[in-house]
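Based on these hints, arrange chain S on the given structure of chain H.
Number of protein chains: 2
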Amino acid sequence: MTGRLIGVGVGPGDPELITLKAVRALGMADVIAHFAKAGNSSHARAIASAHFPPGAEEVPLLYPVTTEIPHRHEAYRSAIAAFYDASAAALAERLMAGQTVAVLSEGDPLFYGSYMHLHVRLAHRFPTEVIAGVTGMSGCWSTVGAPIAQGEDVLMVLPGTLNEDALALRLAQADAAVIMKVGRNLPKIRRALERAGRLERAIYVERGTMAGCTHSPLAARDDARAPYFAIVLVPGWEGAA
Amino acid sequence: MTGRLIGVGVGPGDPELITLKAVRALGMADVIAHFAKAGNSSHARAIASAHFPPGAEEVPLLYPVTTEIPHRHEAYRSAIAAFYDASAAALAERLMAGQTVAVLSEGDPLFYGSYMHLHVRLAHRFPTEVIAGVTGMSGCWSTVGAPIAQGEDVLMVLPGTLNEDALALRLAQADAAVIMKVGRNLPKIRRALERAGRLERAIYVERGTMAGCTHSPLAARDDARAPYFAIVLVPGWEGAA
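First to last, the protein sequences are chains H and S. As numbered in the numbering used here, the first sequence has no gaps in its residue numbers, which increase by one up to the final residue, 257. As numbered in the numbering used here, the second sequence has no gaps in its residue numbers, which increase by one up to the final residue, 257.
Isolated chain H (complex conformation) (with noise of 0.2 Å):
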């Protein structure tokens, strides 16, 4: 008898804005896998690691690059694939001796997770299932207390890695916006934005929901790079009511 495969959703930061469902999950699992940088711990573990059940085998998967090297470089896209057949196979092993594997991912599992790399190498082989997260942009417009979205509103979710056309284009279509992967490409958003008519409503989070949360007016900050774990919200419902 084969184990069972869990993505679990540890939501976006505050270890509070975890499901009871990922809690019990976490507390059933025989081996717990996490995603990090080479060299740093992973932040989904620092979030969920008080519900790990004694005696669990923890898995770290080490990201084998670094966002030095560009990502449309072949020798990025070969390292990565290597790297996640590489992390599927060893949790397929654990999977086929019968145990149970819990996956965490930041925010939500299939929303831009590393955890999707894995869930479609092995859901199709083994039984599967994935506990939905609080996502990263929840948590920041929650705790900004914006309300992003309403009634005929169409909300964009935009990697920030966009080129500067495609951001300006798409930020002048849509009721509201959320700018993922901010980091080094607060420059360029900002341009995208001011094109858009749209820098005015935008506001700036970076670390949201987590000890050290800043936000402020995105007008107001600097072009000095941003954290990863920063993120860029244009609430939409302008006639709020």
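Treat the hints with care, as some may be off.
You can't tell identical chains apart in this list, so a pair holds if it fits in one copy or across any two.
The calculated lysine to aspartate or glutamate pairs, modelled on EDC-like cross-linking and capped at a C-alpha distance of 16 Å, are [claimed, not checked]:
(1) Lys197 x Glu180
(2) Lys197 x Glu168
(3) Lys197 x Glu90
(4) Lys204 x Asp46
Keep in mind that the hints were calculated from the coordinates and are not lab data.
Just chain S now, with coordinates in the frame of chain H:
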């Protein structure tokens, strides 16, 4: 000393998809308010009622009008605005008396939720906290096990109430899409997906994460009216790897 307003996200339907933070907030509430259609009981109440403390006062907020009146109609707008005004006034009275007032929201409070109408009326007057929740859309794509967006995918959240041309245009531009408020809009949504060349990837989900949840390729679903708790997903990440 005034009380405290708390917008509490209770998640998409499965009672276990509520967060530890929501459970704690409910346990400290003096007053718990929840929205429902007149004659129906509140879905959010059904999700969360196991966590209500003994003795908490419940304040049902019953919508005065139904979807039978078109939303753009002036009579609808004024009736609904008066309802939100009266609801806010009822809660303000309790907040001024120093009570902690929790308002339940299915999914996430600031994402297309009725709580937002109270938030804009009360948050500037009373200490307010918003507790993010798992959205209905996360619940749906997790139930289906469909990786929704990755990498540079643009995700669009589209109300099914948009007209067919607008839907078709947006769907052609999105890498991934979520269409909410399906209900009677299903035939129009299907036509828009077909025009955008996206019908083949579309997944219909009914009552995601709830008892009686079903899902199928949208192409295999007939055009009979869908319930309110239906959503259409168009996963991105087409070259998933």
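Now for the hints, and whether the structure bears them out:
Proximity of Lys197 and Glu180 under a CA criterion of 16 Å is satisfied intra-copy only: 14 Å inside one chain copy versus 32 Å between copies. Taking the shortest Cα distances, Lys197 and Glu168 sit within 16 Å of each other only across copies (10 Å), while inside one copy they are farther apart (26 Å). For the identical chains of this complex, Lys197 and Glu90 are neighbours neither inside a copy (21 Å) nor across copies (41 Å), given an alpha-carbon limit of 16 Å. Taking the closest pair of Cα atoms, Lys204 and Asp46 never come within 16 Å of each other, the shortest separation being 45 Å inside a single copy and 47 Å across copies.
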